[in-house]
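2 protein chains.
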Amino acid sequence: MFRITLFLPVLLLTVTFTKSEDECNLSQELIDEIRSYQTVVDKIIDATTNGQFKGATFKELATFVDKFGARLSGTRSLEDSIDYLLDLMKSYGVQNVHGEDVQVPLWVRGNESAKMLLPRETNLAVLALGGSVGTPDEGIEADVVVVRSLEDLHQNYSNAVAGKIVVFNYEYIRYGVSVSYRRQGPIEAAKHGAVAALIRSVTDFSMNLVHTGQTSYEEGVTKIPAVAITVEDANMFQRYQERGQTVRVKLNIQTESFPEVKSRNTVGEVVGSENPEKVVLVSGHLDSWDVGVGAMDDGGGAFISWYSLVVLKSLGIVPKRTVRAVLWTAEENGMAGVIGYDAAHKDELKDFIFVMESDEGTFTPLGLEFIAGKKRDLHSHRDIEDDDSISNWLLAPINATQAVRSSGGVGSDITIWKDVIPTGSLLNDNGKYFWYHHTKADTMDVLDPDTLDKATALWASVAYVVADLKDDFPRDFSDKGFYTIPNVFYVVLLSLVGLLLH
Amino acid sequence: MFRITLFLPVLLLTVTFTKSEDECNLSQELIDEIRSYQTVVDKIIDATTNGQFKGATFKELATFVDKFGARLSGTRSLEDSIDYLLDLMKSYGVQNVHGEDVQVPLWVRGNESAKMLLPRETNLAVLALGGSVGTPDEGIEADVVVVRSLEDLHQNYSNAVAGKIVVFNYEYIRYGVSVSYRRQGPIEAAKHGAVAALIRSVTDFSMNLVHTGQTSYEEGVTKIPAVAITVEDANMFQRYQERGQTVRVKLNIQTESFPEVKSRNTVGEVVGSENPEKVVLVSGHLDSWDVGVGAMDDGGGAFISWYSLVVLKSLGIVPKRTVRAVLWTAEENGMAGVIGYDAAHKDELKDFIFVMESDEGTFTPLGLEFIAGKKRDLHSHRDIEDDDSISNWLLAPINATQAVRSSGGVGSDITIWKDVIPTGSLLNDNGKYFWYHHTKADTMDVLDPDTLDKATALWASVAYVVADLKDDFPRDFSDKGFYTIPNVFYVVLLSLVGLLLH
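Taken in order, these protein sequences are the chains called X and A. For the first sequence, counting from 1, position 433 maps to 433 in the UniProt record's numbering; every step adds exactly one. For the second sequence, counting from 1, position 132 maps to 132 in the UniProt record's numbering; every step adds exactly one.
These aren't lab readings, by the way, just hints derived from the structure by calculation. Check before you lean on any hint, since a few could be wrong.
Note: identical chains are not told apart, hence a pair may lie in one copy or across any two.
Derived DSS-like pairs: lysine-lysine, alpha-carbon spacing no greater than 30 Å straight-line [said to hold, decoys possible]: (1) 250 / 115; (2) 67 / 250; (3) 470 / 115.
Modelling step: build the complete structure from the supplied sequences, incorporating the hints.
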């Protein structure tokens, strides 16, 4: 016992010293300020999960997707849905509601079909990948060669695929890795003379669903039709090939690419009372692929964003800075929406305090994922948790108390700013996200009313508190990136506010 | 302490007395006999899960479904697959391989399509239910009325559905209950003048898949098209109706029913060495619906059955009685296969010692489910487990040691015999069975090679031991049903052998 009590103070001293060195101590003033928001956050949570807004986000989203269905970039359906949402936001008293023009791609899926002719005749489920060229009107008929990877293609089949249809039956690792087959597969197959590429759908679970998504072409390489097939069919082709059976497929894919057309980012605000020029931005994208109705990707993210403004406005909660919702257009096929926005608002980015996007599902919210600049040697989340001086987490009532520093991106659109603006995304229990992603099964049935309420409550609370704090999130650029100097203050603040979080 | 030790002997005495009264004690002779099978069961398990048959059931099934695809009753595909399997069984040395003719239904799906016209134009995923009549060539166009139940239809919409399309968007309880909407829904809708019935797919989980299955008509009630829709679309129709929006659908369903045609039950045996006329029967059905490839329903059940004969034959394991595999035809649309078999073998049923079917999935095997006659006041499995004298369970090596007395049926086909022959089915971890059931997603990807090996090992072991025991399973008919007399002996035996459990 004696030796233990002797050692304890030494240990504590070490911890304190380390923290002090990295400026990890929160000032009592800041702690008190953050804690002072509990009342208003409780009000937001209660009104959204139990009170006047209970079920509202789901109901609005269901009405919206039931009315417009899929909303592919460049289509009438997307533009009509934007008009509808502009009117809807205005009707709720959201301020400065307007569309901001951007030029977006228009690629249209026509008739498409695929039939296996050998060794057995059967129809195959297919979806042309976004941006894919079509086949000739009469289709393409060719034997199939299955490869397991790009290396497998280059090393073992480079002389075997000319005039053939290449099937990429890769091992799924995770979306960010495996999506490379969708983007690069058709290019690499074409380099060896293939006439089409069939890409195993990018998902960790399949019930015979085909997943579309954007593909790519490369200057100087023949553009060949790039088509998603099911995991099941990819495995079936593999088995045929391993048995030495010839697989022959007839593919007819009609697509058309048009010149860019006008679309709009959809914008609304709760204008700040003291520094209206300073902005906390919440966002999701309003466009979707042309299959399913884009309820999950990204109806949920878009709707918790604009509905957060409705919640704040209706409750009379006006922060010092402006909370702005931007519903991006044309995320799915190249992010023309955010690229146009970035160009148009270049001079104002210095006043963007915090930018959030939810585009990885609105399943049970767990907290916030964030990128806090380039410096990586920050205190871990665990260190912050273990600080007993911080115990009242603002979002504990909805159990969304996790803060995770992202190792990658935070929402496709806002990744454009990850090195220059603090960015965050909704951390949620999205393990099944890729089951539904870019498929016919992306419908309202993926979402849950109570869960969406919690996501809206989190989104509105975080946006409000960050927009209302006495000080801006500090930003300091150096040749090493941003946030090299007061990054700990920033992270701790975010951990308290955003996650509020355990 | 004193009082506790005083009470214990009294308690034990009560237990012993109760067991004795119900003849629950196993004779040492029987226990020794059962234990003597461990060596041969170990041999079966080892050869199937690690040795010469490792992966074989999956490989054979994959080759089969890849070759023939779907196998609907009455089709060329099913008959070709039967020919193939007869040859295959012969090539493995299975004995008495033959087909037994039965007359089966022939119903054919033609073109089918459905489009929602109002409030938004979009294509709907549909599958005509088996046996459904078609629409006129030009289709049917009508408004939709959504009901939540048969009661809802009769009580609230009886005057509202004439000339309309009725959508049954019932609450899913479990398959055995909810399937009634598929069978009865179209009849009840027609009684009130509906022109078609759209039935929410019978499943506990949906990824926008349509589930087909057999429907019914009633003499004297107009036959209207009966069509499965997705859970997602049923919920969407519900939302439209709750908002007061008119839903209008154009339905074009082409189907054709033909006179019965000849098909075959597929039979093979390992002939018993002492009482070849006595039979332990293992089975599954070879036909499937016309969507997917029937790998799960019921390729798995059929293939563990015939492949069990290959395992026994190849290992030179010949039981005293015959082990017979019967792969039923035409289970899906009325069970014509087993009905014909029952009629043709009426006089031999007295020699059917035990009849098994696997038709509820071949996921991880857990043991055996069984029906032991009509008497219900048997000792529970737990009582048997707790008997310390029984500790060596034969199938412990594959952890398939559960015996469950079924409260309902045990495989669709063999339910025909549940009151006259001891019947059993594969108890397996089939919680996701109805996710895939009767859909395009019923493919090889549902199954797993190692899991199928274990199921084959269990199936072969149970069949062999029951077919080889000194005594037949006792059967004694009285006016109260069968097994009213020596039922405990039977149950204990089954619990030891079948599940061999714990």
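Checked hints:
1. 250 / 115: both (5 Å within a copy, 27 Å between copies)
2. 67 / 250: between (36 Å within a copy, 18 Å between copies)
3. 470 / 115: So residue 470 and residue 115 fail the 30 Å test inside a copy (64 Å) and across (56 Å) alike.
Taken one by one, the earlier hints fail for this structure only at number 3.
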